[in-house]
Structure formats: structure tokens, C-alpha cells
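Participant: What follows is each chain in one-letter form.
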Amino acid sequence: EAAVTQSPRNKVAVTGGKVTLSCNQTNNHNNMYWYRQDTGHGLRLIHYSYGAGSTEKGDIPDGYKASRPSQENFSLILELATPSQTSVYFCASGGDTSNERLFFGHGTKLSVL
Amino acid sequence: QQQVRQSPQSLTVWEGGTTVLTCSYEDSTFNYFPWYQQFPGEGPALLISILSVSDKKEDGRFTTFFNKREKKLSLHIIDSQPGDSATYFCAGLTGYQNFYFGKGTSLTVIP
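For the protein sequence lines, the chains are A and B, in the order given.
Count the first sequence with our numbering and you get residues 1 to 113, in order.
Count the second sequence with our numbering and you get residues 114 to 224, in order.
Fair warning: there could be bad hints in the mix.
To be verified - Once the Cα atoms are required to be at most 30 angstroms apart in a straight line, the calculated DSSO-like pairs of lysine-lysine come out as:
hint	chain 1	residue 1	chain 2	residue 2
1	B	K185	A	K57
2	A	K109	A	K11
3	B	K169	B	K184
4	A	K65	A	K11
5	B	K169	A	K57
6	A	K109	A	K65
Simulated from the structure, these hints should not be mistaken for lab results.
Please model the complete structure; the sequences and the hints are all you need to start from.
Facilitator: In C-alpha cells form, the structure reads like this:
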């Protein structure tokens, strides 16, 4: 079974601080994604990547950066965290070919105080 | 502009009943429509999916229907069980490998 691991599972940060959310996949997928999930908004795409060294902006990229240093790892970076970024963040891999499913991690619950 | 609209936002059904969730979409280039199931504290997981060339896909108690002309799809759960209580997301996939998700339906099945 494909595996996507996120760390940390929970994070409390202060406003203005830097936050890095990490994601590792063992599926050898080219595509990786970062979503945030908020009540009433569902899953919204922040950044995605087609492979090592590539990052692309999703629908809500403002305030976020992404880094894909290797096939396995994809990070989401909040340089200056704000309370509005309090959310649950999901990493996913997959979708390399048409009709291929996405595999999601368990999520990171981020609280910015 | 929201690409995929999902309804209802929440739904409660009795055990043994039939659950119907619906979605509509805007982009005619969508060619693949997965449904994801999410339990509290977990990430979404693929439940069932359908291609735009098909109009029905069945997997046990779960069936998804697709109407290309009306740009609508639905998920039917027969003999609903308390273990089906979860949040369900429909999604559409374009040729650019970007998934657009609906806002989700929270389903509660009462024993």
C-alpha cells in the first residue's frame, strides 16, 4: 500500500514565526500536492510539484512556499505565519497518469497563535 | 469560481437506508471523477471513481453515476451502515493532473 507520511502531526506556532511542514512518500510518484482543509471550504490546493526541483502554485498560494528537494520529499513553508493559516494541512502524492488516485497523509493540524 | 459544487453539506440517514450525494461541475475538460471518503483524524482515501466515458460504476454498496450532458455526478450508498459515517468529497480531474475537490458532505448514519 502506498504511503505518505507527514510531520509533525500537530504544530503550534506564533504569529510571525516560520513553520515548515514536511511530507515523505514511498510511492515513487512524480506528483505531490499540498492542500489545506477548512470547514466550509473543503480541500484547497496550495502548491504542487511534478517532480524533484519543481514547484507550482495552486489555487491559494499566497503566504506559502514549497520545496521539492527530492522525489520523496515535499515541504510546505510558512515564512511569516498568521492566524488565518490555522488549518489542517494534507499532503498527497499520485495522479501521475490519467485516472491515478491520490494518496493522502494523515494531515498536520497547525495552530497559529 | 468554484469548479465542483457538492450537496448537501451534511446528511443524516437511518441504518439500512439509501444515501445519495450529488455534485456538479463547470469544466468540460474534466475526464475523471473520484469520490474520496474521510474519517475523523485521517486523510481522504479513494472510495470509487468513474471516467467521463462511463455513466455508472458499482463497487459493492457504493455506486457512482455520471451525466455528461448535465455535468452532474452522484454517489449512492445502499444499506447504509454506521461505519459509513464520514465526510465524502467528489472531485474532478483535468488533463493537467490537477484535482478540484467539492466542499464535502458530512454523512451520519444512525443505528
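Participant: Which of the numbered hints above does this structure break?
Facilitator: 5
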